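Read off the chains here:
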Amino acid sequence: MTDAILNAGTVAFQADGSTGARKGVQVNRLDGGLIKGSKALTFTFDGKRYKGFEGDTLASALLANGVRLMGRSFKYHRPRGVLTSGSEEPNALVELRSGGRQEPNTRATTAELYDGLEANSQNRWPSLKHDFMAVNDRFSNFLTAGFYYKTFMWPAAFWEKIYEPIIRKAAGLGSISFEDDPDAYDKGFLHCDLLVIGSGPSGLMAALTAGRAGAQVIIADEDFLLGGRLNAETFGINDLTGSAWVEQVQAELAALPNVRVMPRTSIIGAFDHGIYGAVERVADHVLAPEAGKPRQILWRIYSKRALLAAGATERPIAFENNDRPGVMLAGAVRAYANRWAVTPDQSVAVFTNNDDGHRTAADLIAKGVKVTAVIDTRPDAPKVDGAELFAGAQVIDTQGRLGLETVRLRLANGATRDVPCGALAVSGGWNPNVHLTCHQRGRPAWREDIAAFVPAGTLPQNMSVAGAANGDFSTAAALRAGAEGAVAALSDLGIDAKAADLPAAEDAPVNVTPFWYVKEGKGRAWLDQQNDVTVKDVKLAHQENFRSVEHLKRYTTLGMATDQGKTSNMGGLAIMAELAGKQIPEVGTTMFRPPYTPVSFGVMAGRSVGEEFRPTRKTPSHKWAEEQGAEFVEVGQWLRAQWFPKAGETHWRQSVDREVLQTRNSVGICDVTTLGKIDVQGKDAAAFLNKMYANAFAKLPVGKVRYGLMLREDGIAYDDGTAARFAEDHFVVTTTTANAVLVYRNMEFARQCLFPDMDVQLISTTEAWAQFAVAGPNARKLLQKVVDPEFDISNEGFPFMACGEITVAGGCRARLFRISFSGELAYEIAVPTRYGDALLRKLMEAGEEFGAVPYGTEALGVMRIEKGHAAGNELNGTTSALNLGMGRMVSKKKDCIGNTLSEREGMNREDALKLVGFKPVNAADPVPAGSHLMNADGEVSAATDQGYITSAAYSPVLGCAIGIGFLKRGDARLGEVIRAVNPLEGKEVQVEVVSAHFVDPEGERLRG
Amino acid sequence: MGKFDNHGLKAISPLGGHEPRVDAFTGLLIREVTDRALASLAARQGQEEAVNSAAAAYLGGALPGPAGWTETGAFATWWMGPDLWMVSAPHDSHELLAGELKQAVGEAGSVVEQTDGWCRFDMEGARCSDVLERLCNADVRGGKAGSAVRTSMEHLGVFLLCHAPGQQYSIIGPRSSAGSLHHALMAAAKSVI
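The listed protein sequences correspond, in order, to chains D and Z.
Residue numbering for the first sequence follows our numbering, starting at 1 and increasing by one per position.
Residue numbering for the second sequence follows our numbering, starting at 1009 and increasing by one per position.
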């Protein structure tokens, strides 16, 4: 054994603790246990340094150091200690770590101790021992259930802004640092034949049985040790201790390649079709995760069958002042003693209504802890060796300022008696952990013989339950149920499995006499310590008619927050049943929902944070644009160049104006790859497009492009673009960047569901082709230098709206379209994406003699506004073809999606909005986009609204701001001066109504 | 570079390089693959059998069924949807794959060039399953050689082709998001290895 030197080298002790020297270091440390004594770990709690051991939890290490006070309660700031030894803990909530890694509301019972762990208590000021907010406790008579709702009623407007923030600040629990979490979180996906949830005796037997049969098995446990209660009890299996048997089984499972053992993994929810959510805490037990490694992983587990072996949770008994630090569950006290070699105090009393409490007394006595009394509510309680038994007695009160000092008993003969003790181990019986069986709305059923709810009704698909979770509380019964459960589950899958041989184990019957709360006493008996809910609060809820369990929960907050009432729900139900004169099963349980235990936001987000929040799409010219120092803008997931600043330009407008002017005066190039491209083929391709577009496509000649408008079913215009006909049975449709996926989806829906008889095949080719707009009077001259000479792209040979397959740069296949968004003589040229970067470089090089410029989305936007072309601002989900000035495009010679409903009267009003342009009367004024339009005179109100401005820009061509938008009867009001108003900011600009086509209204340039 | 690549335009890879990128980890190699041409093949209505037999003659083997892929000589083909396949061949010898395939199937099928619509990363090595289970919901460990699964990685729709279970896979995703997909593969590899 290795000696470890602790406390500045003053105390040395044997690593296995056999000398008892541990006590010299940690006042409440016992001998034995499953902690690893070879390594002392240092940690801090509220800034004070303590020592613990590998295998400790923060709770066990604090108890070992004599720290019982671990937190303050939510509402009354009552001093609280640890109640349990597991994830059901309501009280001992702490803040772990600091800075970006700070994590509030963490249960000390599940925080695995590591060297350097930093923990702080929360919800107290200035310190845990002296908390000024404890003044709330003095006013507890006022702060009962429903207090807030009754008190902060008036004035109603105060609730959201004043009352609620103050109450939240006063209540609350932990705090966050507001710093970014520096750690990574992963998501992952697993598949198995059998998922075993829990690794106690039944879970291990199930995994062993299924593993030996060759099935794909996952066994998960929230604990860092497998074994469940086997690690917490003294009874053995065969001739081994429980933990030794666990080790043996674990070794066999580890050797089976078809079994995945997942400790530190909580199954948090049972979802549809056998899918389970699981959180694996990969690095919560070390100071910090290794670089690049995750702190936690959120797994989605696809199981063919699942066996819930989640064990059971002990329930307390409520009595006056039962919340003092030191009052704990008996099973937890036993677990601390047997597994962690810790006693909460050197003198402990036991309060029980069942035989299980007696085990705690016996185990503590065996460990040399003084048991000052065993108080059993049952008059016929079994005998106790080594401690005084009070049969038929109850604990009616407790004393002790920041921790338990004495308990007061009402004896069977009516006398009272004070018993000194620093801890009270309470057992009110055990509740099977049915939670996951209820995630698909299963309702548990009451079993009278064990006085507890067990799984029943509709369980999640293909889930079965074994062991204590099913009410089989003895070890022998749990082992058997696990083995048999695995055999049955695998048999469903056609896998023959033989139940593992059942080892010999204790098989004690459950002897419990239901006892929920001590009726004597006028003070507060706590049911839900996390939410400060007392027996009185439940009585008040009943009195005020909140009698359904769901109402009880919401009125009192019983069973809410991090522990979800795992130790408190049952008590509340039992009291409600008693008050209502009903049986407990008649009252029923509240609905359990995922997650089973708290889950960090970090693991929900996974890797989707910061710049990696979502994937990005890069254009073929991205690298080149970066080299030019382009500013990028997100357009959906695309990153598009917004403008290309040049040396000396200090304002984006300078760059944009230059790009517009140079394009209009000579030639500009823009990456338009982002526009959606959909390849449409088939005998019925043209007929299909006739259905998709409002205007007709059937007669579009091969080698031509046509502008098209798409309507929704309700007749509203939703996308525009072009369709190029490359063959009788082959079109390439382009969509707007934003709607590429939507249009494709709608077309696919139409193909499959609306017109299944049409011979049409669709596929996206958006990314396959790098496409560039080349626009401006010198566009053709520039292209002629790049397009291979055998292709005639003269105005005669390749007129406006022509398209064709060509080659460029000496043989690279390409597609050319003579279309124009800018209003200039313009082409769009496409090459396979891999050559896009090179083509752009070549175009820029060839364009040098013309002063060719690249232009970004801003210049693109300015030019399309100058041209009066509609874009997303105009196709805004409320506008029709008529509004857009394209009413006549909706062909009445054929049917199309949206045709019929576009004929609705309301969409064809005489005073319908029409797309027009606006110029400021005073050339220096802006034309603010979003402004509403009002007549030149008269009031400004919704009732007098004449329309609104959708897009606006500074036009470097016109030398003033311009806008386009929708105006009632706009096409008949050209020349009228009206007002563009912004009543929110009190702004108003006089604008003249003009044609939306500011530049080249006749379209001569683009045909030139 | 391919035989049609002797024009003045130099290709770049989906990740933006002139050479495909390779990243090595212990037990894992992630390799950008740029030397395959792609073309989609859809059967026209009522021509399912005709397209199957014409394609089989051209490819040297039958078209694969749902969730499968096959390799026949230089060609690899995977199922993408009902009566829809993706055919792949070496870019050097088949840059004009779409045209060749169209000639083979004629009026029975619709063929579309898809070469540069996609990026492809091949993953090789003993740690494949460990890394892939952090990336997608495909049952990687239960998969077989010849399976082609449509799944998602990094919020992107991808095809996952299994060459050798646990040892060799191809991941084919949207080209414009190659950087994001590669980032996800690297993050998962670093997370696991």
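Read the hints as simulated data drawn from the structure, not as lab findings.
Here the structure is a predicted model, which means the values were calculated and not measured.
We put the CB at the ideal spot given by N, CA and C, even for glycine.
Check before you lean on any hint, since a few could be wrong.
Derived lysine-lysine pairs resembling BS3-like cross-links, with alpha carbons at most 30 Å apart [claimed, not checked]:
no., chain 1, residue 1, chain 2, residue 2
1, D, K781, Z, K1110
2, Z, K1110, D, K699
3, Z, K1152, D, K304
4, D, K704, Z, K1152
5, D, K683, Z, K1110
6, Z, K1198, D, K646
7, D, K367, D, K48
8, D, K498, D, K519
9, Z, K1198, D, K623
10, D, K646, D, K498
11, Z, K1198, D, K691
12, Z, K1018, D, K785
13, Z, K1110, D, K623
14, D, K293, Z, K1198
15, Z, K1110, D, K498
Sample of chain Z residues with no beta-carbon within 12 Å of chain D, all distances over it, derived [claimed, not checked]:
no., residue
16, P1022
17, V1030
18, L1037
19, P1074
20, D1091
21, G1117
Computed from the model, here is a short list of chain D residues facing chain Z with C-beta under 7 Å [what the hints assert, rightly or not]:
no., residue
22, G188
23, G811
24, L839
25, D1000
26, G1003
Distal placement of Z/V1030 relative to chain D, Cβ over 12 Å: holds (18 Å)
Compare the distance between the alpha carbons of Z/K1152 and D/K304 with 30 Å, and conclude whether the hinted pair is satisfied. Given that 30 Å is the threshold and the Cα spacing comes to 19 Å, the pair holds.
Quickly compare the C-alpha distance for D/K367 and D/K48 to 30 Å and report which way the hint goes. holds (29 Å)
Z/G1117 remote from chain D - nearest C-beta pair above 12 Å: violated (8 Å)
Proposed proximity, Z/K1152 with D/K704 (alpha carbon, max 30 Å): violated (48 Å)
Proposed proximity, D/K785 with Z/K1018 (alpha carbon, max 30 Å): At roughly 18 Å apart (the allowed maximum being 30 Å), D/K785 and Z/K1018 satisfy the hint.
Please work out if D/K683 and Z/K1110 have their alpha carbons no farther apart than 30 Å. Judged against 30 Å, a Cα distance of about 15 Å means the pair holds.
A closest beta-carbon separation below 7 Å is what the hint needs, so does D/G811 meet it against chain Z? holds (4 Å)
Hinted pair, alpha-carbon criterion (30 Å max): D/K293, Z/K1198. Please report holds or violated. It holds: about 7 Å lies between the C-alpha atoms, which stays within 30 Å.
Quick one, are Z/K1198 and D/K623 close enough, alpha carbons at most 30 Å? Status holds; Cα separation ~26 Å.
Let's test the interface hint: is any C-beta of chain Z closer than 7 Å to that of D/G1003? violated (33 Å)
Are Z/K1110 and D/K498 close enough, with their CA atoms no more than 30 Å apart? With a Cα-Cα distance of about 57 Å, the restraint between Z/K1110 and D/K498 is violated, given a limit of 30 Å.
The earlier numbered hints that this structure contradicts are 1, 4, 6, 8, 10, 11, 13, 15, 16, 20, 21, 25, 26.
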